[in-house]
Amino acid sequence: MLRRQFIHSVGVGTALGATGLLSGCATASGKGPKVVVVGGGYGGATVAKYIRMWSDYGIQVTLVEPSASFISCPISNLVLGGSKSMSDITTPYDNLTKRHGVTLVRDMVTSIDADKRLVKLAGGSELAYDRLILSPGVDFMWETLPGMEAAGAKDKVLHAWKAGAQTVALRKQLEAMPDGGVYAMSIPLAPYRCPPGPYERACQVAHYFSKAKPKSKVLILDANDDVTSKGPLFKKAWKDRYAGILEYRPKHTVTEVDATTNTLKFEFNDNLRADVLNVIPPMRAGEIAAKSGLATANKRWCEVDFLTFESKVAKNIHVLGDSIQIAPAMPKSGHMANQHGKTCAAAVVALLMGTEVNTMPVYNNTCYSFVSDEDAVHVASVHRYDAEKKTMVTVAGSGGVSSAASELEGRYALAWAQNIWADTLA
Amino acid sequence: MKIPLQVALVVGLAVASTGSIAASSLQMKSLASSCANCHGTNGVAQPGMESLAGKPKDDLLKKMLDFKTGKKPATLMHQLSKGYTDEQLEQLAAHFAALPK
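Residue numbers (this note's numbering), protein chains in the order written: chain A, -11 to 414; chain B, 17 to 117.
Next up, chain B with everything else stripped away, as it sits in the complex:
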């Protein structure tokens, strides 16, 4: 029996996703989960706090960099964003932008 293309694709995706347990993805999820205490699991927040999931990457990155430089006023995000490198902020922006709202 030949494997239908669609099945192969699904299995292929599954393998790719299973590969999401690979070290690099776990590290990214772990880094991003440090935001979840306030911004919700996988970036989907409870009322009263901003969701990050599915927001445009450039918007997220600009906001975090503006917090970091002090350009954008904040109660505490200016203090937290300074704890992450610009590279980490970019990774975080890309990660949250790719998550479902």
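Okay, chain A solo, but in the shape it has when bound:
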């Protein structure tokens, strides 16, 4: 009797982990605090898995995600280049359920009732929460691109900035383009998801053209003053590998798109027509965060407390990943969203268990870009919490970029992908 009482008091009193520990069971028991995670990308899937692990499976976690599988944006440019397939970048969500007891709900959240602490789903049901975590990624600011709302425009002028059907469709456009054609990609002003992504994409398309249709051109039309990430490394790759194929034009802000004639209009420059147009639109926080009033920075990004990722304007609601107003020198990347997920997981477990939240989070970013089908370059940084500034800052003297593109870093880049997919989803 004593034993039973003792276990009982452990379960109720100090923590919720005892049951999971003693039984070794990794499924939600129906008891314990409830966390709802919205969005199954790098941020959301990671926070769901790690809350389960770090609460010793004592906190119930429900992940709301409309897609059947996770499709990775990192490595998706290699699908455009032709060296990887969609199946290479696709991972099912089932291990989150089987190994970690995360409840998966294939649906979308349409509204949040912060007072009642519940979310409403498109399918009509509701989910109650003690803590809500939003990781909804980015949404596109179509209103800044007149012409894109025209019928059929979005099917013809692709962004392919959320890996999936658009990745496949853009690859088909590139394959169908005759040799001697022009592929033009526009880049919005920073901040946007994955700073080096567009330049890597340009390399991948140029690599494909160099092999399959060498008379063709890649035109980069960048709203920024210069390449926003790994500039010297990309410029060296363009000069050494893709001279005569790839041309970079900075300070080109797209103001209008005519999808009928495949023409871009700019703030200051002449109109430009291309055979394949790839418009990467300006971005803001994912729709559910923006329409719930959480995007308080320029009405675009969600301001958070970097110790917990709790919204600065809504209690018990956390936001992470690409939706947040980033700290200085913090990129919007999948690697960073995964790190947000773990920092937020530790904080949410501490908050729900009544223990202290870590006051000195330290994490890093590692971002590889392929400049061909095999060779890659990286940028790395380490970030720590600065209590005075109340934000994350880079650690002085840390971080940096590759000395040169290499096949070795290409292999590391693919190993990075396998590891982060497993860390996020397995």
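Treat the hints with care, as some may be off.
Calculated lysine-lysine pairs in the BS3-like style (CA-CA distance at most 25 angstroms, straight line) [unchecked claim]: (1) A:Lys22 <-> A:Lys104; (2) A:Lys160 <-> A:Lys239; (3) A:Lys377 <-> B:Lys98; (4) A:Lys377 <-> A:Lys300; (5) A:Lys150 <-> A:Lys279; (6) A:Lys86 <-> B:Lys117; (7) B:Lys73 <-> B:Lys88; (8) A:Lys378 <-> B:Lys98; (9) A:Lys160 <-> A:Lys205.
Facing chain B, a subset of chain A residues (Cβ under 7 angstroms, in silico) [unchecked claim]: (10) Asn83; (11) Thr379; (12) Val383; (13) Ser386.
Everything labelled a hint here was simulated from the structure, so no lab data went into it.
Don't be surprised by glycine CBs; every beta carbon is placed ideally from N, CA and C.
Fit chain B to the known structure of chain A by using the hints.
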């Protein structure tokens, strides 16, 4: 009914482990999880990257300090290791050494 010693030990361990949700352990796990993106959850890596779990603490620490000082050549670990204090590197080495392979 008296509690058999073994049961008491198991429960005691459970309590100790439950205490692993205590703040200090969560902080350590959180710090170490910043390595997991490349070196795997709990230090067990996918093919192509080095696992850290269960490696001798001294080996791990020496390697990270050598990366930090530039003694050991690297593609990026020299840049990442400089972001962690020597004390944090020691904590990380001890943490990964204690994890199952």
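Tested hints:
Of the pairs offered as hints, the one joining A:Lys22 and A:Lys104 holds, with about 14 angstroms between alpha carbons and a cut-off of 25 angstroms not exceeded. About 29 angstroms separates the Cα atoms of A:Lys160 and A:Lys239, which puts this hinted pair outside 25 angstroms; it is violated. Simply put, A:Lys377 and B:Lys98 have alpha-carbon atoms about 21 angstroms apart, close enough for the 25 angstroms limit, and the pair holds. For the given pair, A:Lys377 sits about 15 angstroms from A:Lys300 by alpha-carbon distance, which is consistent with the 25 angstroms threshold.
In summary, the hint linking A:Lys150 to A:Lys279 is supported, as the alpha carbons are separated by about 20 angstroms, within the 25 angstroms threshold. With a CA separation close to 22 angstroms, the supplied pair A:Lys86 and B:Lys117 stays within the 25 angstroms bound. Restraint check for B:Lys73 and B:Lys88: the C-alpha separation of about 17 angstroms stays at or below 25 angstroms, so the hint holds. A C-alpha spacing of about 22 angstroms is found between A:Lys378 and B:Lys98, which places the hinted pair at or below 25 angstroms, so the restraint holds.
For the suggested pair A:Lys160 and A:Lys205, the alpha carbons sit about 17 angstroms apart, so the restraint of at most 25 angstroms is met. The beta carbon of A:Asn83 is not positioned within 7 angstroms of any beta carbon in chain B (closest approach about 11 angstroms), and the interface hint is therefore violated. This hint is violated: A:Thr379 has a C-beta 16 angstroms from the nearest C-beta of chain B, more than the 7 angstroms allowed. Given hint, A:Val383 at the interface with chain B, holds; its Cβ is 4 angstroms from that chain's nearest Cβ, closer than 7 angstroms.
Interface hint status for A:Ser386: upheld, as the beta-carbon distance to the closest one in chain B is roughly 3 angstroms, under 7 angstroms.
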